[in-house]
Structure formats: structure tokens, C-alpha cells
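Peer 1: Chain by chain, the residues:
2 protein chains.
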Amino acid sequence: MQKIRLGTVTALVFGSIFSPLPASSASTGIPTIREAALQDNVAWDFIEGLTTEVGPRPAGTAREELARDWAVARLKRLGFANVRTEPYKMPVWLRGRDEAEVIAPFPQKLVLAALGNSASTPNRGLESEVIYFPTLADLQAAPDGSLKGKIAFVSHAMKATQDGSSYGYFGATRRQGPSIASRKGAIAILIRSIGTDHHRLAHSGVQMWADDVKPIPAAALSTPDADQLVRIIGRGKPVRVHITLTSKMLQDQPSGNVIAEIPGKDPSAGVVLAACHLDSWDQGTGAIDDASGCGIVAAAALHAAKAGPLRRTIRILMAGAEEVGGDGGRAYFSAHGAEPHAMVMESDFGSDRVWRADYKLPTGHDALAARVSAALAPLGITQSRTAAGGGSDIEPLVKAGIPVIDLQQDGTRYFDIHHTADDTLDKVDKAQLQQNVSAWAVALFETADAPESLGVK
Amino acid sequence: MQKIRLGTVTALVFGSIFSPLPASSASTGIPTIREAALQDNVAWDFIEGLTTEVGPRPAGTAREELARDWAVARLKRLGFANVRTEPYKMPVWLRGRDEAEVIAPFPQKLVLAALGNSASTPNRGLESEVIYFPTLADLQAAPDGSLKGKIAFVSHAMKATQDGSSYGYFGATRRQGPSIASRKGAIAILIRSIGTDHHRLAHSGVQMWADDVKPIPAAALSTPDADQLVRIIGRGKPVRVHITLTSKMLQDQPSGNVIAEIPGKDPSAGVVLAACHLDSWDQGTGAIDDASGCGIVAAAALHAAKAGPLRRTIRILMAGAEEVGGDGGRAYFSAHGAEPHAMVMESDFGSDRVWRADYKLPTGHDALAARVSAALAPLGITQSRTAAGGGSDIEPLVKAGIPVIDLQQDGTRYFDIHHTADDTLDKVDKAQLQQNVSAWAVALFETADAPESLGVK
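Protein chains in written order, with the working numbering: chain A, 1427 to 1883; chain B, 1427 to 1883.
Honestly, the hints are just simulated from the structure, not real lab data. There's no promise every hint is true.
[Stated by the list, open to error] Sample of chain A residues facing chain B (criterion: CB under 8 Å; computed from the structure):
hint, residue
1, 1478
2, 1480
3, 1847
Here a beta-carbon is modelled for each residue, glycine too, at the ideal position from N, C-alpha and C.
The following block holds chain A by itself, in its conformation from the complex:
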């Protein structure tokens, strides 16, 4: 990357947004909110409670229903208004047994996890030769039909990035690899886990079959197992693997969103929506994904409104079924998309510190961005020149043009844990969690109490 004189660029791009403003009357409450939220226990208690008393909560299962009941009870106890569940139905993929072993030339077990929507193998499993592709591009370049009867193996290694951007790029192996492999005739596909750790824990995650392909068994190997399989293949002898991935699909299972509010003084000013998701993958207890996000937004809303009602209603959306395709976010949009929304924000990237704020606001709202940034700066949070984009739970609202602020969390260690059995409470750093609550509290306060229209009125 070329070195640029940052001062000049900043002035050009952010000239009006980030110029200092005189303190407004609202800003006198900011230091108090920020400091109180840094001592927060509500978020930790929420995460500890949900992960201990409910644990894993896959979308569309009885465990997710338990999570909704738990969240409703907790949100009522915390004093939220209009606490309710909003049900919908969805198809559910359920994991069975995940087993694999190298049969030849060096027999040994492999650790793996079926990917969401994987086809099931027969109960006795299936066995075939493994064909290795170092990258997804190599798999794509394989001639049609060339994998007939074989097991494809793609071992494209992901490295950690602070902004999590490597997930988008390398995650394509999980999202697209299974469909590509099926199209070329493979009877199953193994991928290297989309993860940055070195533990014998496989990273699950959803993938959707392209319309034109037959679903095949698809699974992720732990990164040490992927390394091992690459080494075994490197010995130059044909490598045969036996895979047993039993799973099933159920149609029309109950899922739902949980909604809670802190009512504002001016219903016509639109709601500020703070989103997270209640469901988790099945292997861990979903502490960082996404009990943390739910703890953060609930705690922050309470801190923001502690001194009394703000102009706008803060609405908490604890979405269902984020992990498997965003059914909860779509159900929310179907039910509430026509209501005025002044702002949407989402917390779904763990519990490590917020390091950057991104904005996407209507023209003429630079002063609001400047006030939010000024409120965040004492927490060590910088601003970006990247437009905010939200996440799965609020995607339909963002696409509909609702303003959005992203409080970007440090993702350096997120993909060590993401979608593995290791997503447990011990991975949550309470001090960093409290910084999140503080950042969210001041951002919600500034936004919910902003005199600006935010496109609503």
C-alpha cells in the first residue's frame, strides 16, 4: 500500500463529519453514561446466565425456545417494556454423528464437523479417494465430472485480521465449495475449517446449496487435521478416507425473535433498533456468538436511558436463526419494516473491544456522526472512511436504506473460536465486554436523543 499523508485525506473525506463541535446540552450526560457503563455487570450476567442455564441453542430447536423464554424473563426483570416473542416457522438441519478416518495409507481418525445443510451419509458412512485442492480456485478449475465418485478436499488457510475481512474472502470455501464440488461429481467434500486457531476443534457454519446441484455430505476438518491430511497426501500415495456424517432436515419448525423496548418520548421520531441473535451453533454455548451481543445491547440500552426517557424508543431485537440464514432478521422486517426506523445497529462479533466506528447516515447528518465519535473517542475508538454495513439480523433494514452505525469489534481472535465447541464463557474478557457496553451506551444515547430527523421526520 502506498503511504499517504493521512491528515490531508482525512480533511478531504471527513472534513465536515469530524470537525469539533460545541458541546450540546445532551453531551453533558455522556461522561456519566460512559463511566457507569464501564462498570457494567448486566452484560456479563446476561452472557453467564444464557450460556449456563440454556447453553447451546440451535435455531428452530427446543433449545432455542428455551433461550427465548430465558431472554423474555431476563429482559422483563431488567425493566424493559413490551417484552415479547414474535414466532415464525423455518426448516431445520440437525447434526447427527460427525466421524472420519484415514483408511490408507496411514490409518488414523480425523476431527471434523458437518456444515449446515450437509447431506447425510448412509449410517455406515462412505469411503473414497481424496482429491486435494490447495485453494478454492483450484477446485473451481477442476474439469467438470473430474471428481466423479471422489471426495474433494480444499485446504485454503485463513489468517486473522482485526476487521474480520479474511472471513469474507476465505469463507467462500465453505459457502461455495460444497456446491462446486457437487457440480463436478464429488460424493462428499471436506474443507479446512474457516478458522484461525490450531486446535482439534472443527468450525461449523452454514452453507446453502446452489439450485442446480445435488446436496452431498460436506464437513470442515479442524485446522490440525487439515494440515495432517495435506501432509499425508504429500507422501504421494492414494489417500482413502471414510466419512460418517449423519444429519436430518425438518420442515416448519418453530423459531422466533425476542423484542424489548425502552419507550421514547416521541413515537413519531422512529425507533433506534439494537440487534443481536439468540441462536447459536450446537457445538459450543454461543458465548461470543452471540450471547455477548445480546448482553451488550441490553445493558447498553439500560445505561443510555438511565436518566429518563430519550426522544426515541430504543428497541432490542434478539433475533432467532441468524446462524442458518437470517430467518429472524427477515421475519422482523416482514413484521416491522414499514414502521419508521431512525437507526439500526447490530452487535454480533464477540466481546472484544470496539476499535472503530463506521457510519452510514442521511446527507446532512455529519454533526451527529461527530458527536457519536467524540463520545466514543475516550474509549480509544477511531473512525473509519468505510461506510457502515450492518450484519445479518438487520440486513433487510440496511438494504431498505435505514441509517446504520457499526461499532466494529476487534476480530483478531474471534475466528479462533467462532462456530466451534470452544465458544464458551471463559473466552469473554469482562473488561473488553464493558468497553463494548460503554461504547454502545453513548452511541445509543446520542442517536436516540438526537434532534436530527435521521430521515424519519
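Please build the complex by placing chain B on the supplied structure of chain A, with the hints as guidance.
Peer 2: Just chain B now, with coordinates in the frame of chain A:
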């Protein structure tokens, strides 16, 4: 700890051992050996090969036999003399299914691994209430019969130490806990893994039943699962757990040691024995425990003797069945204990750097210790005032009074990995491994070529 003036104490304790000596003729070869060994690839290739081409190799199984065949072939190819296996028979405990779940009050799966010699549950498992003991002392204090029909749970947390000493203390929970629990009437015992990590991978390990107790199912929970169970119990409701630990015992299974030598010029001067173990636990590929030790001692012996035969024979002992009680070490002693041994050393603590040398030498051999320490010092290795004690594979020889040097490895992260599925090649740091080879090479050179008698003649 009181601060002491280290210089004074060192002078008192180590006065004669560590005073500088004039360079001997032998010492001119030391820098060459030390530097060449720091570039070693033999140890890495040994570890990579054994863990890839054999993988897990539990004692007394066909996989351990594969490992012996592999090691014999590799040692012959490396140019060792008198390469051979020395068989013996042993009882073998074989792991089956390891499954557990909390039934009430918060149903969820737990990750665990049966401990060696655990009794098997019925195939359908067993279920009972869990009785929690924070420490082993609390379990010991429970009245006799008070655990009748219950599952004991001891969650004594171990912390990392550089010298590994916390394993001795906290490992008592694994070694003694099952017998104590059985004696008090428990139908099963769960312990917190004897480990220092925070991953959903349970640490296995052997335990031996006391003569007066009935074996019961015994398993270690991963540390996050132990934390979770403590939290669940902390809610104050009775906690019921279902455990399925199927396993079996076989009698008179074949195991064996692998021996290889670099013959010395003076057979009557006694051998220098460099030991490691070939067997591993079943969950990982035994990279740090103990393919590393075997790679280190084999590579170091070659570096030590590169310039030609030394005075004494260097004998490599790659012992079988260390993990399950030291059958290989005892078999070696039965076969060879009467032969003159000038020195025994063992490498069985991973592949992280050697940081300290401990000695136990005959009276009057201070000059040899000083020469070894001087050869090790450029590698950043200090000396201790602790007497060397060896390890399981050489325990009978050490008890018989054979001189011993311990090249103590840094154990800070060893118990993150030890006896888990995570014991894989990626945990080996090649630079630290090469430092081990270098330290061993100079220590073997000085010892095998020493003019001193070392109690032999």
C-alpha cells in the same frame, strides 16, 4: 519468598561445580557440535514422520507396533548400529465411547475423556446426582459411604509453571481421586482435566486403582466443561449427569522397546543411555509426548558422534508403554540393568527450549558438571541446585544409582496440550526443538567422551 543475595548462595552451593575450568582438548569440538545441531533437521523429520505416518500409538496396540517398525527403519536409515526391538507383554486398557450430558437442571452435553484403567459404564451409560468437591482434600474429607450411588466431581484447577511442578501436585486428583471416590461409595468420578488450557479438549492420563477399591468409571472434563459444571452446581439445584464411558481391558498384549546405538571405543566404560518413549495417548498424535523426545535424542546422538566414535557407546532407548505405567522402562531394566551404565538421560517434556540443567553425579565429578554447564551456557541454559531425578523410562536405573543429568524443558505451555487431541505436529516450534537437539548433543558429547569413571571404572 525472601530475597537472597544469589551470588553468595551460588558460591556456597555450587562453588566447586561451576568455577571456570581451563578448556580441555575435548571442548574444542563443542562449538562446532552446538552450532551444527542448531541447524538440525533430523529431529523435526523424525517427529513429522512418526506423527504423520503412524499417528496415535497407544501402548500395547497394533499402532504401537507400527511405531516400533517405523522407528527401527528410521534409525537404521540414520546409520545407528544394533537397531532392534525388545518385546514384552502387558495388560492394555482401550477407550470406547466417551459421552456425558447434564440431565438436570440445565440439559447440555459435556466434553470428557475416560482416564486410563477407568471401569466401563454399561453401554446405556449411568446417571446420578453429582457431588462437588472444589479440591482433592475436600473429597478426602468426605465421610466414608457418603458418596454411595453418587458421582463425585473434583474441580481442582492447575496453573502453568515453567518447571512443570504443578503437575505433580494437582495431578494427585487424577492419580488418587478415583480410588478415594470409589472407597467412599461413588459410582463414578469426574475430575477437572489436569491441564492449563481453556479448550473443549479433555486431558486423559493414567491412574491406578488402589488394591482395596472397586474400579469405577473415571473421566476428566475439559476445563471449560468443569467451569460450566461448577457454575451449574452453583445455582443450588440438584445436578444430575448421564455418563457413558465404555472401555475394555485386554491381558498379555505385545509391546516393546526400540534400541539403537552409536558404539563407543571403550566398551568397559559403560553406556550413556538417552531415553524417550514411542507410545502416545490415543486422542492426539503424540507430537510433544513424546515423538519430540525421540527426535531430540536420536538427532543429538548423531551430532555428538559426528566427528567419530566417542569413548562410550551412546544407546538410544525408545521405550514402549510409558504413558500407562512405565512397562517399557521396567522391561529395559530387567534386560539391561546389570550392564554398566555411565549416565542416563531422558527427554519427555515436549519440544520447548531447555532452560536449566540438573545433575546427580558421583562424588568427585564436579568438573564434568562444570564442562557440561559451560557447553550449555551459550544456549541460554542455567544450572540448578536441584538434584536431577530423571523420568519414568529411566526410573529403575536412577533408583539403582546410575548418574543422571536432566535437561529441563520449559513447561509453561506443555500442560495446555498434554494428553489431549491437541498434541499434534503444529505445537512443535522448530527453533526451540533445535535448541533441544543442540543442548542434548553437547551434553551427550561431554558425557560419552568424559575421562571420568562415572562410577563404572
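Peer 1: Hey, does the residue 1478 of chain A contact hint survive, CB to chain B under 8 Å?
Peer 2: Nearest chain B Cβ about 5 Å off; hint holds.
Peer 1: Can residue 1847 of chain A be said to touch chain B, with a Cβ gap under 8 Å?
Peer 2: Residue 1847 of chain A check passes; min Cβ-Cβ to chain B is 4 Å, inside 8 Å.
Peer 1: Is the hint on residue 1480 of chain A kept, meaning its closest Cβ partner in chain B is under 8 Å away?
Peer 2: Since chain B brings a Cβ to about 7 Å from residue 1480 of chain A, closer than 8 Å, the hint holds.
In summary, this structure violates none of the numbered hints.
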